[in-house]
Structures are given as C-alpha cells and as structure tokens.
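> These are the residues of each chain, in order.
Protein chains: 2
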Amino acid sequence: MRTVLQDHFAVSWIALLWQAKFMTHRTILIAAALGASLSALSAPAFADEGMWTFDNFPADRMKRDHGWVPDQKWLDRSRAAAVRLTGGCSASFVSGEGLILTNQHCVATCLANLSSEGKDYLAQGFRPATRSEERPCPGQQAEVVTMISDVTGDIKNALGSLSGGALIKARDARIAELEASGCPDKDKTRCQVVTLYGGGKYSLYTYRKYSDVRIAWAPEGRAQGFGGDPDNFNFPRYALDGSFLRAYENGKPVKPAAFLKWNPRAPVAGETTFVIGNPGSTSRLWTSSQLAFEREARLPMTIATLSELRGRFIRAMSESALKRSEGQEELDGLENSLKVYLGRQKALNDPDFVARLAATEAQLKAGAATNPAIGDPWASVDSAMAANRKLYLASRFVRPTGGLYGWARALVRAAAERTKPDGERLPGYTSSALPLTEKTILDPTPVHGWVEQIYLEWSLSKAREWLGADDADTRLLLGRESPEGLAGRLVTGTSLGDPAVRKALWDGGQAAVEASSDPMILFARKLDARDRELTRLANAEVNGPLVSAGAKLADARFATFGAGTYPDATFSLRISYGKVAGWTERGVDLNPVTTIGGTFDRATGAAPFDLPAAFAANEAKIDKSVVYNFVTTNDIIGGNSGSPVLDKAGTVIGAAFDGNIHSLGGNYGYDGTLNRTVVVSAAALTEAMRSIYPSPALLAELGVKSSKKR
Amino acid sequence: MRTVLQDHFAVSWIALLWQAKFMTHRTILIAAALGASLSALSAPAFADEGMWTFDNFPADRMKRDHGWVPDQKWLDRSRAAAVRLTGGCSASFVSGEGLILTNQHCVATCLANLSSEGKDYLAQGFRPATRSEERPCPGQQAEVVTMISDVTGDIKNALGSLSGGALIKARDARIAELEASGCPDKDKTRCQVVTLYGGGKYSLYTYRKYSDVRIAWAPEGRAQGFGGDPDNFNFPRYALDGSFLRAYENGKPVKPAAFLKWNPRAPVAGETTFVIGNPGSTSRLWTSSQLAFEREARLPMTIATLSELRGRFIRAMSESALKRSEGQEELDGLENSLKVYLGRQKALNDPDFVARLAATEAQLKAGAATNPAIGDPWASVDSAMAANRKLYLASRFVRPTGGLYGWARALVRAAAERTKPDGERLPGYTSSALPLTEKTILDPTPVHGWVEQIYLEWSLSKAREWLGADDADTRLLLGRESPEGLAGRLVTGTSLGDPAVRKALWDGGQAAVEASSDPMILFARKLDARDRELTRLANAEVNGPLVSAGAKLADARFATFGAGTYPDATFSLRISYGKVAGWTERGVDLNPVTTIGGTFDRATGAAPFDLPAAFAANEAKIDKSVVYNFVTTNDIIGGNSGSPVLDKAGTVIGAAFDGNIHSLGGNYGYDGTLNRTVVVSAAALTEAMRSIYPSPALLAELGVKSSKKR
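These protein sequences, in sequence, are chains F and W.
First residue of the first sequence? That's 2 in the numbering used here, and the numbers climb one at a time after it.
First residue of the second sequence? That's 2 in the numbering used here, and the numbers climb one at a time after it.
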C-alpha cells in the first residue's frame with residue numbers, strides 16, 4: 002500500500018488528510034501544524050502573482066496587466082467544473098458524463114493499488130476497452146465547491162479572548178459544529194471551514210462529493226515519467242502527465258453541474274491562461290523566526306532523513322522486478338518531495354532571496370506601527386517558534402511512518418474520539434470529517450510488507466538518531482528492541498493489511514480496540530498518550546499563539562497593503578491568471594513550448610530517458626509537431642497538480658502538472674521573472690489518444706475527432 | 002575493498018592521501034583543495050584551546066592555567082614516540098619491540114581487508130596466539146617525525162610575486178624539490194612540506210617511515226562499536242576502541258628510538274592530560290564567505306548525497322550476512338562522516354556560534370587596518386569563493402567515487418606524470434610522494450563488487466542530479482548510458498581488482514595504460530582531460546588566490562594576536578594540553594568517567610547495544626569497577642584518533658578515540674566549556690587483556706602483570 006511522506010510534519014498522514022493538506026507526492030507541504038495556522042495574505046509584488054479566492058478575484062489588477070478580465074459567468078462556470086481530489090490533487094470535469102481530467106501522477110497511487118503481480122498498471126497504464134471496465138480508485142473522492150460562506154464573525158466570536166490550547170479547542174469545536182450543521186447529508190456533501198489570511202477570515206466551503214471515482218485512462222508510466230527525477234521540476238520537458246477519472250454515483254456515471262470544453266489547440270506564446278485548482282500550502286507570510294526554524298532545523302533534518310529513505314528504496318527496488326514495480330510510486334513521490342525540500346533549502350540559503358523576504362517584513366512592521374492595537378505579533382511568533390524547537394523532533398518521531406501504523410493509529414484514535422461529543426474530538430474525528438476517515442481506513446488497498454518494513458524501521462531508527470538513544474521518547478518507542486527487530490515484529494505480526502480486520506475494529510469501536518492483540522494496535526495504543534500530550538503541548542505553546550499572532554499579522558497586512566491581496570494556499574479552490582511565457586535561464590531565453598517530436602531526440606535508450614513502448618511502436622503515426630508541454634507564469638504550488646489550464650474562452654488547453662525549479666522557492670515567495678507552471682497540452686493528450694494509445698470513445702466524449710488531416 | 006569517502010571533496014582519495022589529508026572515517030575532513038590552503042592561526046580564546054606545533058609549545062599559557070609545564074626532554078621523548086598512520090590516524094610506540102597503540106577503528110579497514118568469507122576479523126577481532134601470526138595491513142604505513150625544519154623563506158622566495166595558477170605551480174614545484182632532496186632514502190624516510198598559518202610558515206617534516214605494519218591485537222567489533230552510530234560522538238560511552246599494531250622492518254619487529262610507558266591506572270578528575278597526535282584539518286580561520294559557502298552549498302549537497310548513500314548501504318547489508326560483514330566498515334565510516342557533517346551544519350546554523358566567529362573576524366579586520374600592507378584579503382577570499390561556487394559541483398562529480406575508479410585514475414595519472422620532471426608533476430605524483438602512491442595501488446586488498454557498484458552508481462546518478470541531465474559534464478560521464486548501466490559495465494568488466502593487473506599497468510607506464518582495454522582505465526582516460534582542467538581552473542581561480550590571501554590573513558592575525566597562536570590542523574604532529582573534566586549538558590553535570598560495569602547496565606540485547614560475546618562470556622571475571630572511557634578538555638579533531646593520552650609523567654593512560662557532540666563544531670571553533678575528547682583508558686584495555694581477551698604476552702610486553710589482586 003501507499004505510505005505517505007507528509008507524515009514527517011508533526012501531524013500524521015491521516016490527520017493531514019482531514020485537514021485537507023493531504024497532497025500527492027508532488028505536493029508534499031510543510032505547513033501542517035505550524036504553517037497553515039499562520040497563513041496570511043500576500044501583497045503581490047509581481048504581475049501574475051497570486052492564488053486568488055473566487056470571492057476576491059482581482060479584476061482591476063488583471064485588467065491593468067492583461068487588458069481583459071473574465072466576467073462573473075465565466076468565473077462561475079469554471080468554478081463549478083473544478084474538482085478537488087482528496088488524494089491531494091486538482092482536476093476538472095470535461096464531459097457531461099462525469100469524465101475528470103487530472104494528471105497521471107495524481108492517479109499513480111490508484112494504479113499502484115490496482116496492480117498485482119503480472120499486472121503493473123503504473124508501468125503499462127490503464128486504458129479500459131469499455132466504460133464498464135473502469136475501476137474504482139481506493140480512498141479517492143472527488144469534490145466540487147457548491148457554496149462559499151463567510152463565517153469569520155461566527156468563529157471569531159467563539160474565540161473571544163481565549164489563547165493557547167483553549168483557543169485551539171474552542172476554534173476546533175466551533176468549526177466542527179459549523180461543518181456538521183452545514184452538511185447534514187453526509188453521503189453527498191462535505192463541509193469544511195477554511196482559515197484564510199491567517200485567521201483574518203474564515204470561510205465555510207460546501208462541497209458536492211463523489212466517493213466512487215474510477216480510473217478511465219492513463220498512459221504508460223514512462224510516458225508520464227520520461228526523464229524521471231532528473232527532469233522533474235525542469236524544463237524543457239516531455240511528459241504525458243495526463244489521465245482521466247470518472248465519477249460514479251449509484252453505479253452510474255455522474256452528470257456534473259458543469260464541465261469544461263476540451264480544446265486540443267496549440268497554446269500561443271503570450272496568450273492569457275488561467276489555472277483553477279487547489280494549491281496546497283504556501284508559507285509566504287512566515288516571519289523571520291519561522292523561516293529560521295525551517296532553514297536551521299526542520300529542512301536539514303527532513304532532507305537528511307528523506308535522503309536516507311530514498312537510498313533504502315533505491316537499493317531495495319534493485320533486488321527484484323516485483324519490488325521495482327511495487328516501489329516505483331513510493332520512490333517517485335519520495336524523490337519529488339526531496340527535490341521540493343532541496344529547492345526550499347536552496348531558496349532559504351540564498352541571501353538575496355532572504356533579503357527580499359526580510360524587506361517585506363520590514364515594510365509590514367512599519368505598516369503595523371501605525372496601529373498600536375496590532376502590538377508585536379512577531380515577538381509572539383518568536384516565542385512560539387522557540388517552543389516548537391523543543392517539540393518538533395518528538396512530534397515527528399513519536400508518530401512513526403507507515404501505512405499500517407497509520408491505520409492502527411487512526412483506529413485507536415477513532416475508537417476513543419467517537420465516544421465524545423463533536424466539540425471535544427480531535428479535528429480529524431469530528432462527524433464531518435469521519436466519513437472520509439472511514440473510507441481511507443476501510444477501502445481495500447494492497448500492502449507490501451517490505452515497503453512497510455522499510456518505512457517503519459527507518460522511522461524508528463531515525464527517532465533514535467535524532468532524539469538520542471537515552472531519550473524518553475526513544476525508550477517509549479523501542480523499549481529494549483532494535484528499530485529493525487521491532488519493525489519486523491509489528492509488520493509481520495499485524496493483520497491490519499486485511500480490510501475485514503480493519504472493518505471489524507472500526508465497527509467494534511473502543512471495546513474491539515481494547516480487546517485486540519494485534520501488535521500494531523498495541524503499539525499505537527502504547528504511543529497514544531504521548532502522541533496526545535504532544536498535540537496538547539503544540540496547541541498550547543505553538544499553534545494557539547500562532548493563531549493569535551496570525552490574526553494580528555493579518556491586520557498588519559491589511560493595514561499595510563489594503564484588501565487587494567490573496568491568502569496563503571490552504572488546499573482550497575483558487576484561481577491564478579498568467580500567460581504562456583518562457584524565461585531566461587543563465588542568459589538563454591527558453592522557448593515556452595516543446596513538441597512531441599522532442600521526446601525522440603531526447604531519448605537515450607536508458608531509463609529514465611528510454612522511450613515509452615507505445616511511442617517507439619507508433620513513431621511513424623505520431624504528429625511530432627504537436628505541442629507537448631508548455632510553461633506559463635501562473636502562480637501555483639503543489640496541490641495544483643491536475644488543475645485545468647484555461648484560455649480566455651474558458652476552454653481547457655492543458656493540465657498543470659509541475660513547476661520549474663525556480664517555483665520551489667515559490668513556497669516562500671513568487672518571482673514572476675522566473676517562476677513557471679509546467680503544463681501538458683490538451684493537444685498532446687489528444688494526439689496520444691489518436692496515435693499512441695488509440696481511445697476513440699474518449700475522444701468522442703471530449704468532442705474531438707479520432708483522426709485529423711496531416 | 003575499502004572505498005574512501007574523502008572523495009567527496011574535490012580531490013580524489015588518492016590525491017588526498019598524498020596530501021596527507023587522508024583521514025579515517027572518523028576524520029573525514031572538508032579542507033582538501035580549499036580549506037587547507039587557507040589554514041591560518043587561531044587566537045586561543047579558551048583555556049586548553051589549541052593544537053600546538055612542537056616548536057611553538059605555549060609554555061607560559063600552560064603554566065598560567067595548569068601551574069605546570071613539561072620540560073624539553075618530556076616533549077622530545079613523547080614526540081619521538083608519536084606515530085602517524087597513513088590511513089589517517091595517530092598512534093604511539095608503547096614497547097621497545099615496535100608495538101603501536103592506536104584505536105580499533107583505525108585498524109578496521111585492515112581487519113576488513115584481511116577478512117574473507119567465514120573469517121570476519123572486524124566482528125571477531127584479531128588476537129594472534131604468537132607474534133609470527135601478526136598479519137600485514139594493506140596500504141598501512143607508520144611514520145615518526147625525526148626533524149622539523151623551517152623552510153618558509155625558501156618557499157616564499159620561490160613564490161615571489163606570482164599569483165593564481167602560476168603561484169600554485171611554483172609552490173608545488175619547490176615543495177617537490179625540497180621533499181626530494183630532503184629524503185634521498187625513500188625506503189626509510191619520507192619528507193613532507195607542511196603549510197602552516199595559511200602560508201605564514203612552511204615547515205619541512207622528515208619522517209622515519211615503516212612500510213610493514215602488522216595487526217597485533219584487536220577486540221571484537223562490538224566491543225569497539227558498542228552503541229554504534231547512536232552512541233558515536235556521545236558520552237557517557239562504553240567503547241573498547243583500542244588496538245595494537247606492530248612495525249616491522251626486514252621481517253623483524255622494529256626497535257623504535259623511543260616509546261611511551263604504559264600506565265594502566267585510573268585517570269583522576271582534574272588531572273592534566275596531553276594528547277599528542279595528528280589533527281587532520283580544522284577551518285577555524287575561514288572567512289565569512291568560506292563559512293557561507295560551506296553552510297549554503299557544500300554541506301547541504303554533501304549531507305543529502307551521503308544520507309542517500311547510507312540508505313543504499315543499510316538496505317544492501319540487510320540482504321545477506323556476508324554483505325553485512327563486508328559492508329560494516331564502509332557503513333560505520335559513512336555514518337561517522339555524516340554525523341560530522343550534520344554536526345558542522347548544526348554549528349553553522351547556530352546564530353550564536355556564527356556570531357562568535359563573526360566577532361573574531363571583525364577583531365581581525367580591525368587589527369589588519371593598522372597595517373595598510375595587508376590590504377583586503379577578505380575581498381580576495383570572497384572572489385575565490387564566488388569562483389568556487391561555479392566549480393565545486395563539477396570538481397566533485399567528475400571524479401567518481403569508488404576504489405576501482407580511484408586505482409584507474411591513479412594509474413592513468415601516474416603513467417603520464419612519471420614522464421615529467423618532478424617540478425611539473427601533480428602534487429600526488431612527485432618522486433617524494435610516489436612510493437606511498439605505489440604502495441596504495443599495489444598492496445593487495447579485497448574488492449567487493451557490490452560495494453563498488455553502489456559507490457559508482459550512486460556517484461554517477463548524483464552527478465546527473467546535481468549537475469543536471471543536460472550538463473556537459475553529465476554527458477561526459479554518462480554518454481547515453483544510465484548511471485546504473487555504466488557502473489555495472491565498468492565494475493563487472495574491469496580487472497583492476499587483481500593486484501597483478503594493477504602492477505602490470507604500473508610497471509608498464511604510459512604504453513601499458515594506452516594499450517589497456519580495461520573499461521575502468523578507458524573511463525578514467527576519458528575523464529582525465531576534464532579532471533585536469535578542473536584542477537587548473539581551481540588553482541587559477543580558487544587555490545592560488547586563497548594562498549595569496551591566506552598569507553595576508555596570517556599577517557593580519559600576527560598583527561592582531563601576536564605569535565602565541567596555533568595554526569589550523571594539517572594532519573601533522575601537534576600537542577594539546579587539557580584536563581580530565583566532564584561538562585554540563587542541559588543543566589546536568591556529566592561525570593567524566595564511565596566504568597566497564599556500565600556496559601552491562603546499558604546492554605539491551607539488540608544491536609548495537611548487544612553485549613560483545615566475550616563480555617557476556619567473561620562477566621564474572623571482569624572487574625566492573627575499572628574506568629572504561631573518560632573525557633578531557635583536550636582540543637582535538639579527526640586525525641587525532643588513536644593519539645596517546647599522557648599524564649604529567651609522560652605515561653600513557655589512554656587512547657583518544659572520539660569527541661563529544663559539541664566537538665563537531667570544533668572544526669570552526671573550540672569552546673572549552675563544551676568540547677571534549679573521549680578516551681579509552683589504558684586501565685580498561687589492560688583489564689580487557691586480562692579478563693576478556695586474555696593476552697599475557699602483550700601484557701608482559703607492556704610491563705603489566707596478567708592478573709591483579711581483586
């Protein structure tokens with residue numbers, strides 16, 4: 002099964018999922034317990050900067066820079082067609098029969114989960130001959146925003162003058178109430194309160210949800226992953242990173258309220274583009290002490306430990322073809338995450354970049370000085386980060402990595418939490434969050450013991466290394482066992498890989514959990530008290546103070562920059578405008594588009610630069626002049642993967658799947674001269690469905706012909 | 002065979018060896034091409050700070066702080082007994098029959114090299130029943146300083162007003178001449194010019210050398226490595242990190258000019274201690290731009306790549322007992338290096354630590370301002386480091402890691418260099434350096450294909466990752482092959498693992514190398530031009546300017562702090578004084594000693610905290626009250642491993658084998674309140690030879706009885 006690397010950031014993968022920060026591997030994001038609670042708004046310094054909420058579209062700015070703006074009807078229609086995937090990606094309806102465009106890498110977990118020995122869908126892709134062969138993706142859910150309500154006053158009222166842990170508790174309780182009362186129909190709707198502008202604004206997002214999402218089309222893995230990790234976050238690029246899902250309800254394809262028109266034309270340099278999707282998290286408004294913590298402590302620890310994990314996987318996958326296949330998606334995700342962190346580290350080690358952030362902070366402090374009521378939230382953040390430096394290692398390591406452990410932890414917690422009233426529960430276990438939790442735990446997904454073993458023994462051995470052999474938490478984790486021995490005992494002894502066992506524990510609740518002798522359950526129970534204690538401490542000393550400070554920092558930003566600003570990303574729906582444009586790299590102007598033919602020039606025959614089999618087999622048929630990938634100035638971040646790229650007409654000309662290397666610093670700040678979104682064109686996907694992976698039914702559904710004049 | 006991680010630092014392991022910066026794994030040091038050329042002198046801020054040369058012993062300082070100083074006879078005798086091991090460690094003669102005390106981890110490579118399937122000397126130790134069973138350590142050489150001559154005027158005269166690459170060339174040529182003329186007897190002597198005070202002083206060290214060094218005694222690997230990586234650089238500690246070698250000449254044990262008296266008594270808290278040995282390299286006088294390069298660029302790259310390598314080894318070693326055994330020493334060294342880098346990164350990410358270094362720099366600049374002739378060497382260093390930022394990745398990766406590649410490179414270079422006059426040769430290939438080179442290449446050492454494969458495919462894939470897939474150097478390295486495929490082709494295709502093949506190539510010189518179709522030789526030949534070009538560029542743009550600036554910075558230091566200062570470490574003989582003392586760790590005063598009995602309390606049964614077999618078997622016999630390890634304030638660094646720890650009487654009370662965690666920042670600065678040397682006591686080694694690994698002959702040779710009253 003798929004284990005999630007987000008785990009490194011203080012909250013477990015399950016908790017992250019509930020907090021809607023559960024990104025795909027391309028979008029591993031740091032925020033989690035810390036960052037998101039201090040997200041606030043940016044003052045856009047560059048044209049095309051900004052991840053705007055639909056209720057605050059910057060029409061004047063765009064009109065000024067692009068000479069054109071979409072009208073409300075345009076905005077409403079595209080919003081209604083936009084899809085959020087709970088796996089951590091973005092997507093869009095592109096037909097009236099529930100067809101959803103996203104990236105291949107957004108369905109990679111699904112493909113891996115559906116694979117079995119002899120059937121490697123990740124490598125071969127998945128292209129059912131008929132609609133009836135489309136197969137459900139475990140754990141996947143599609144969500145469409147149907148309403149956005151401002152609940153700022155309501156939440157702020159609940160907070161009153163509370164602080165620290167009491168503030169967090171009151172906030173979470175009120176959020177749980179609003180979410181529960183807003184969405185009584187739990188089968189079809191989901192409600193989620195989103196904290197914007199660092200607590201300057203709270204919005205209740207209502208989603209129509211579709212829990213039966215099936216894989217409808219995916220190319221070969223090499224077609225998506227041509228160039229592999231070396232080409233990732235780079236451009237020029239030659240990646241067919243597109244796929245299609247289909248939403249079902251009651252066994253039938255969904256008829257969505259809106260869908261986007263497919264447009265297989267070539268993009269034009271300079272033309273205006275929109276990206277509509279769910280950027281996961283940004284940290285553009287962190288104070289200098291938050292950036293310092295990141296640069297001095299968390300990134301070094303994260304990069305060292307993830308790099309080692311990468312090495313373990315690389316070697317393990319060389320042991321057999323089966324392991325290579327079973328581990329591929331894990332490794333892809335891991336390498337992607339690592340590249341993100343290395344890019345962030347590089348940005349934070351760049352004195353010019355940091356000076357720019359410091360200049361903005363100085364501007365903000367000057368603005369805040371005009372309003373004595375704001376006080377000194379920076380000092381509060383400093384204190385919170387000092388507290389966090391004492392907590393973060395324990396918070397990371399007392400929550401070991403691994404899918405099996407994640408299930409055990411969630412089952413143990415759910416059993417306890419479900420006995421409490423909604424307002425008393427941990428955030429991931431409120432009645433509004435519970436259905437997705439349940440789905441995540443109960444959906445059948447394959448478990449690969451060797452993968453679990455690697456994660457758990459790595460996680461436990463890194464705990465001992467970073468906490469120290471004599472640390473109380475190390476002793477709690479290991480007792481007198483070794484990381485390897487303990488991991489082996491738990492992974493081989495547990496039955497949680499069996500969905501029926503998980504269901505029995507879920508249904509049986511507290512009594513079943515307490516009666517269980519499953520070693521993984523026993524291990525999770527052993528850690529539970531300390532895990533909760535760390536949450537309590539983090540809320541009291543870190544998150545609570547950050548929320549209080551965040552609201553004041555938001556006031557400072559409003560006072561300094563006015564309302565025409567955008568909030569940090571929160572894996573909620575945003576719109577970015579930009580244009581098709583290359584950039585200048587070390588003195589060379591880069592062309593913003595590549596063509597399919599370039600793939601053949603770049604291929605070396607050796608992985609990851611080997612041609613996909615169907616490319617090689619169909620070379621004569623392929624129109625090599627078709628635009629393959631292209632770059633735009635749109636401001637996106639992980640979570641935006643799979644977002645439709647629209648033109649002025651509102652038609653889909655591609656799917657965003659990556660950023661360039663400069664976009665990695667985009668977590669902290671956008672630089673319009675360098676940051677770029679990387680897109681796979683609708684034209685290339687169309688050509689693929691015509692000449693490489695013939696898919697006449699899908700082409701017809703998208704409204705394009707199966708052949709074109711050459 | 003053993004592959005060397007120093008390889009990461011711009012010069013190959015072979016070159017490093019010649020430059021006498023070839024440390025053991027505990028001593029992986031960064032300096033290499035850059036740092037060492039700018040080593041200069043420190044102004045000791047703390048009592049007990051300093052790694053002093055024997056010709057500048059700070060008698061007044063010591064008298065002031067300790068109320069006692071050794072006389073010249075004491076100094077002369079201990080200097081004459083001090084041994085440098087070319088493997089990168091320190092040691093000392095402790096008997097009149099050539100017995101040499103050092104650390105077990107300093108003979109680990111030897112033990113690994115002598116092992117074969119079924120005979121794992123690293124795990125079991127090596128304790129020959131009779132002297133005739135002592136076995137030669139491949140590549141090992143013992144060296145004793147017999148003379149130190151000041152050649153500053155001579156070298157400075159040769160440099161004249163040269164700069165850049167011309168300066169480096171002139172310096173290396175004059176050094177080669179001095180070394181060749183100083184030591185005409187290449188069989189028994191070795192000459193080496195040491196650059197001190199960043200070029201403020203040059204000294205010619207003459208060594209009596211012993212090329213036949215045999216392993217005489219080593220405990221079980223677990224006895225040395227109890228606590229493994231978790232306990233490494235930590236204290237309290239329970240490690241039997243001692244071993245004995247014996248120097249031979251003409252098949253007979255050497256009778257050294259001097260030896261130290263063995264003293265198996267317990268150390269006393271507060272008593273004065275001396276450490277005499279060869280600290281490898283420090284960077285205490287780097288300017289802020291050198292520290293910035295380290296913090297922002299080199300350490301992040303090094304830590305990420307080494308962590309991944311660590312993961313590859315950990316996983317590979319889990320595949321079989323044989324691999325675990327064959328890889329253990331590689332992994333130990335790798336983990337040790339990584340911990341060093343992480344410690345350095347932590348120090349350079351500590352704002353207080355960096356502020357202290359900056360304050361010293363400011364003081365120095367103020368001092369320099371009093372002498373206009375000094376000018377602004379800091380600006381020159383800034384420019385050199387800017388140039389280095391453009392060169393360092395290529396310099397790292399165009400020299401792939403691996404023992405087989407290292408041999409190939411050395412053979413290719415030696416063939417070309419040996420046709421030139423001495424003054425034209427690369428530093429590692431002058432007539433004074435050639436004998437050790439030859440020994441290193443020709444001594445038979447086992448090659449483990451899987452280890453070589455890991456190193457080479459890792460090194461090549463990291464080249465592509467860090468240089469980029471489209472980089473010219475990446476293309477030079479890989480052509481159209483994958484890192485994995487190329488590494489496999491080279492490692493399986495080469496015959497360089499056979500010492501006879503290496504000898505034929507060595508003896509055959511340029512003609513043999515050019516005629517060779519060995520794929521590793523062909524690969525090294527392909528890279529040679531670029532490799533030399535990078536050396537040329539580094540000399541012209543980095544090293545040359547750093548040497549020029551270094552001399553001026555030394556002038557600045559003399560002007561500011563006077564002559565009572567010590568030079569940065571250069572793997573040449575130094576003396577440090579200090580005392581037995583614990584320190585305060587997070588409010589707790591640590592006892593400076595542990596006892597053997599503590600091992601039994603700490604043992605968990607699970608590696609690396611499992612009891613060594615002989616400890617368990619002999620528990621009843623062992624005197625648990627014997628002092629095991631202890632800490633002192635002596636200022637040491639990697640390369641000092643194995644150094645004798647002397648008391649005022651000049652007797653050996655232990656062998657230094659590690660520093661505490663705070664000592665890792667000691668690369669950049671010493672803090673007497675925290676930095677500690679970790680020592681294995683002569684008392685514990687004696688008890689081990691009495692009760693755990695009975696060795697009556699050795700005990701007799703050391704002048705102690707085989708039993709004692711209990």
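It should be emphasised that the hints constitute simulated quantities derived from the structure, not laboratory data.
Possibly wrong hints are sitting among the right ones.
Repeated chains share a single entry, so a pair holds when one copy, or any two copies, can fit it.
Taking lysine-lysine pairs in the DSS-like style, the calculated list, with each CA pair at most 30 Å apart, reads [to be verified]:
1. K649 - K262
2. K649 - K440
3. K324 - K347
4. K157 - K504
5. K709 - K189
6. K189 - K64
7. K391 - K347
8. K622 - K189
9. K347 - K706
10. K324 - K709
11. K504 - K187
12. K170 - K440
13. K340 - K391
14. K347 - K440
15. K649 - K391
16. K504 - K347
17. K649 - K366
18. K440 - K64
19. K421 - K625
20. K120 - K253
> Does each hint hold? Answer for all of them.
Status of the hints after comparison with the structure:
1. Taking the shortest Cα distances, K649 and K262 sit within 30 Å of each other inside one copy (12 Å), while across copies they are farther apart (88 Å).
2. Proximity of K649 and K440 under a CA criterion of 30 Å is satisfied in neither setting, with 38 Å inside one chain copy and 73 Å between copies.
3. Taking CA atoms no more than 30 Å apart as the test, K324 paired with K347 passes in neither setting, with 33 Å inside one copy and 36 Å between copies.
4. In the homo-oligomer, the alpha carbons of K157 and K504 never lie at most 30 Å apart, since the shortest distance is 39 Å inside one protomer and 81 Å across protomers.
5. For the homomeric pair K709 and K189, neither the shortest alpha-carbon distance inside one copy (41 Å) nor that between copies (83 Å) is at most 30 Å.
6. For the homomeric pair K189 and K64, neither the shortest alpha-carbon distance inside one copy (38 Å) nor that between copies (84 Å) is at most 30 Å.
7. In this assembly of identical chains, K391 and K347 lie within 30 Å of each other by CA distance both inside one copy and across copies; the values are 25 Å within and 15 Å between.
8. Taking CA atoms no more than 30 Å apart as the test, K622 paired with K189 passes in neither setting, with 44 Å inside one copy and 74 Å between copies.
9. In this homomeric assembly, K347 and K706 never come within 30 Å of each other (Cα to Cα): the closest approach is 46 Å inside a single copy and 60 Å across copies.
10. Taking the closest pair of Cα atoms, K324 and K709 never come within 30 Å of each other, the shortest separation being 41 Å inside a single copy and 58 Å across copies.
11. Within a single copy, K504 and K187 get their C-alpha atoms as close as 19 Å, which meets the 30 Å cut-off; across copies the closest is 78 Å, which misses it.
12. For the identical chains of this complex, K170 and K440 are intra-copy neighbours only, at 26 Å inside a copy versus 70 Å across copies, given an alpha-carbon limit of 30 Å.
13. In the homo-oligomer, the alpha carbons of K340 and K391 lie at most 30 Å apart both inside one protomer (27 Å) and across protomers (21 Å), since each shortest distance falls under that limit.
14. When the C-alpha separation of K347 and K440 is checked against a cutoff of 30 Å, the pair qualifies neither within a copy, at 38 Å, nor between copies, at 42 Å.
15. Taking the closest pair of Cα atoms, K649 and K391 never come within 30 Å of each other, the shortest separation being 50 Å inside a single copy and 43 Å across copies.
16. Neither within a single protomer nor between protomers do K504 and K347 lie at most 30 Å apart by alpha-carbon distance, with minima of 45 Å and 46 Å respectively.
17. In this homomeric assembly, K649 and K366 never come within 30 Å of each other (Cα to Cα): the closest approach is 39 Å inside a single copy and 60 Å across copies.
18. Taking identical chains as interchangeable, the C-alpha atoms of K440 and K64 are never at most 30 Å apart, the minima being 44 Å within one chain and 75 Å between chains.
19. Taking the shortest alpha-carbon separations for K421 and K625, neither the intra-copy value of 61 Å nor the inter-copy value of 55 Å comes in at or below 30 Å.
20. Within a single copy, K120 and K253 get their C-alpha atoms as close as 26 Å, which meets the 30 Å cut-off; across copies the closest is 67 Å, which misses it.
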